[in-house]
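Peer 1: Sequence:
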Amino acid sequence: MTTTTEPVCHLLQLPAELRNRIYEDVLSPGVLWLTRNATKRFAIEPRISPQILQTCSRIYNEAKNLIYTDNEVILSIDAHDTFAPVINESRLPQHALEKLQHVTLIVDCTASLKVSLEGVDFTFLEALVSLRTLRLGFVLYRGVYFIEKGFEMDLQHLMVQILLRVPATTHIECHFEEGSIQSEVMNGILKERARIRPRDPDSVYIVSAEKADEAFKSIDPYFRGQMSARTKDVFAEHRSHRTRGFASR
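Heads up: the sequence shown is residues 1 to 249, going by UniProt numbering.
It is possible that part of the hints are untrue.
[To be verified] Here are the simulated distance ranges between beta carbons:
1. Ser203 <-> Pro50: 38 to 48 Å
2. Pro15 <-> Lys217: 23 to 33 Å
3. Thr169 <-> Pro50: 26 to 36 Å
4. Glu237 <-> Lys64: 39 to 49 Å
5. Gln156 <-> Asn65: 31 to 41 Å
6. Ser57 <-> Ser203: 49 to 59 Å
7. Lys40 <-> Ser180: 19 to 29 Å
8. Pro15 <-> Arg239: 17 to 27 Å
9. Glu237 <-> Asp25: 21 to 31 Å
10. Ala16 <-> Ser90: 33 to 43 Å
11. Arg199 <-> Arg58: 30 to 40 Å
Derived from the structure by calculation, the hints contain no laboratory data.
Don't be surprised by glycine CBs; every beta carbon is placed ideally from N, CA and C.
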């Protein structure tokens, strides 16, 4: 009669403190940017190794929350994309959104369309029930819609829509350290949007930290968190619309 032995996981033979350092090295670079590249629609920079979580159930249970608790996740959204959620469910499903504790949200309002910002679907923010810190950045367009005299109103409206949906206890930051990944991402958006407007590249600009902070402080604290956790399934409406669309074909 032959017997089989389970393969040995050498990682689990290490002391817990050393295992945790390994988990942090492969899962927690500190900042994660959800982006896309030439080969992947959904890419993460810098690269991490979530495959380690598939090694065994014990490693999964020990390390599963590090991605969500030890990293600041950068999300850049198109404020004029009114035909779909600004965050794709395939990229960040609800169970992942509910665990995120630190987020940078860069709102790109540079589409030269006469589209009201009231149509922006910020529902996904209602799922950020564990959020502790939120860093906000805005890239705007001085065009037909974003006339200068309406700048403060537009920015304040965006702020209110965001603050309504995140927990009232969330710490809000509007400052980006020079040279940080967050700053580089926002500058990258600015350069790309300016590139496609060669005749008027200065029409696209980043809202200064001072202006953003001024808009934030002008908002009545009453609004904060009023819609947090309101929607149990933040992608349900879009899923329903998509299903009805296929059914009608």
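Peer 1: Hints first: check each against the structure and report whether it holds.
Peer 2: So, going through the hints one by one against the coordinates:
The hinted range of 38 to 48 Å is satisfied by Ser203 and Pro50, whose Cβ atoms lie roughly 40 Å apart. Against the hinted window of 23 to 33 Å, the Cβ-Cβ separation of Pro15 and Lys217 comes to about 48 Å, which falls outside the hint. Remark: the range hint 26 to 36 Å for Thr169 to Pro50 is upheld by a beta-carbon distance near 29 Å. The beta-carbon spacing between Glu237 and Lys64, approximately 29 Å, falls outside the hinted interval of 39 to 49 Å.
The hinted range of 31 to 41 Å is satisfied by Gln156 and Asn65, whose Cβ atoms lie roughly 35 Å apart. Checked against the given bound of 49 to 59 Å, the beta carbons of Ser57 and Ser203, roughly 54 Å apart, stay inside it. At roughly 23 Å, the beta carbons of Lys40 and Ser180 sit within the given window of 19 to 29 Å. Against the hinted window of 17 to 27 Å, the Cβ-Cβ separation of Pro15 and Arg239 comes to about 45 Å, which falls outside the hint.
A hinted range of 21 to 31 Å is violated for the C-beta pair Glu237 and Asp25, which are about 40 Å apart. Hint check: Ala16 to Ser90, Cβ distance near 34 Å, so the stated range 33 to 43 Å holds. Between Arg199 and Arg58 the beta carbon distance is about 60 Å. The supplied range of 30 to 40 Å is therefore violated.
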